[in-house]
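If you're matching them up, the sequences are chains G and R in order. Quick note on numbering: the working numbering labels position 183 of the first sequence as 172, and the sequence is numbered without any gaps. Quick note on numbering: the working numbering labels position 46 of the second sequence as 35, and the sequence is numbered without any gaps.
No wet-lab data here; the hints were simulated from the structure. None of the values given here were measured: they were computed from a predicted structure. Among the hints, a few may not be true.
A short, non-exhaustive set of chain R residues, derived as facing chain G with CB atoms under 7 Å [stated by the list, open to error]:
1. 54
2. 56
3. 58
4. 59
5. 63
6. 79
7. 82
8. 83
9. 87
10. 89
11. 90
12. 105
13. 127
14. 130
Ideal Cβ positions, reconstructed from N, Cα and C, are used throughout, including at glycine.
2 protein chains.
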Amino acid sequence: MVITIYGDSISGNCLKVKWTADHLGVAYRWLETGVLNGETRTAEFLAMNPAGQVPLVLLADGRPLAQSNAIILHLAEGSPLIPADAYERARMLEWMFWEQYSHEPYVAVARFQVRYLEKPVGDLEPRIVERGLQALQRLEGGLATSSFLVGEQPSLADVALVAYTRVAGEGGFDLDAFPRVQAWIARVEAALGIA
Amino acid sequence: MVITIYGDSISGNCLKVKWTADHLGVAYRWLETGVLNGETRTAEFLAMNPAGQVPLVLLADGRPLAQSNAIILHLAEGSPLIPADAYERARMLEWMFWEQYSHEPYVAVARFQVRYLEKPVGDLEPRIVERGLQALQRLEGGLATSSFLVGEQPSLADVALVAYTRVAGEGGFDLDAFPRVQAWIARVEAALGIA
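Turn these sequences into a full structure, and let the hints guide you.
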């Protein structure tokens, strides 16, 4: 048995799981599950994930696991994508929790509204734009002294943060203003083979 | 050297760190750092945590660590608050990421606005109330078959989720509608000695 990934290919959260599995050589089958057409809200899906969100993984033994960052932490246990040093591991987790709280709700939401709901960039809530820019600025600062978010090797922090940062432009954010972020995106894409 | 916790006592995110340290017997000094009076936005503080958020911990060697859930995962490494079983550990992380994405932004924000900004409950954004109720309902469901969120022993998932759930009433949420959640709060408070 391989794992099953319920994912929507337009979702960076889902792609994190795909990239991690591909990078680590974890065998899976991908079941395309559309957010926009209600496939995450069916009774069948809610029985597997009451939160009604993708990605959802069924492990090889059939047990479910949700939340993109929890899934990639599980898949990558013991791999070089998780630093062996306790402090570096903690910093990786710091970035991953920050991503879900302070980055995704702005950078990903802006991109979703503009690209998939066809909202003009000028109609985005000012709070979303402002906090998205703050998140990108924070990333720019975090890359001032290292090639990746935690030191010189890619970790799950990079996987988690690159997912929506690389498509931030689709939400109206100008990545030219963040040159370290741009260079980092290219490095992470190359490391993961997703360029 | 002991660790230093920069925290605001009104913040559930900060109290998670205090409770975990207390429960595990980790020595610390607590530096009260007010969110409402701008103490997390001073140049000195931003130099330690560019995200401008508490809790922030300086480890015994002076290195900083932010994000409440990353901090408690670091403090509790190797303790019974983190399940030894890989799947249970993954489910714990699933709850912790869900907390920051789908619970805290609604349950904690409603409580902050009502209690500390003195906004009438009726003036809360409907989206905040609706999603807060969804989060509490999801918790109620998650407690249908076990005493704690991951099995029969308290884990960091309970620490993370109880922090704002126990004060949800301060944001206008009626916990009487969630009897399993109420009983679980009492169990977690007893387990952590915070009743």
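Hints and how they fare:
{"no.": "1", "hint": "54", "verdict": "5 Å, holds"}
{"no.": "2", "hint": "56", "verdict": "4 Å, holds"}
{"no.": "3", "hint": "58", "verdict": "5 Å, holds"}
{"no.": "4", "hint": "59", "verdict": "4 Å, holds"}
{"no.": "5", "hint": "63", "verdict": "4 Å, holds"}
{"no.": "6", "hint": "79", "verdict": "4 Å, holds"}
{"no.": "7", "hint": "82", "verdict": "4 Å, holds"}
{"no.": "8", "hint": "83", "verdict": "4 Å, holds"}
{"no.": "9", "hint": "87", "verdict": "6 Å, holds"}
{"no.": "10", "hint": "89", "verdict": "5 Å, holds"}
{"no.": "11", "hint": "90", "verdict": "5 Å, holds"}
{"no.": "12", "hint": "105", "verdict": "19 Å, violated"}
{"no.": "13", "hint": "127", "verdict": "6 Å, holds"}
{"no.": "14", "hint": "130", "verdict": "5 Å, holds"}
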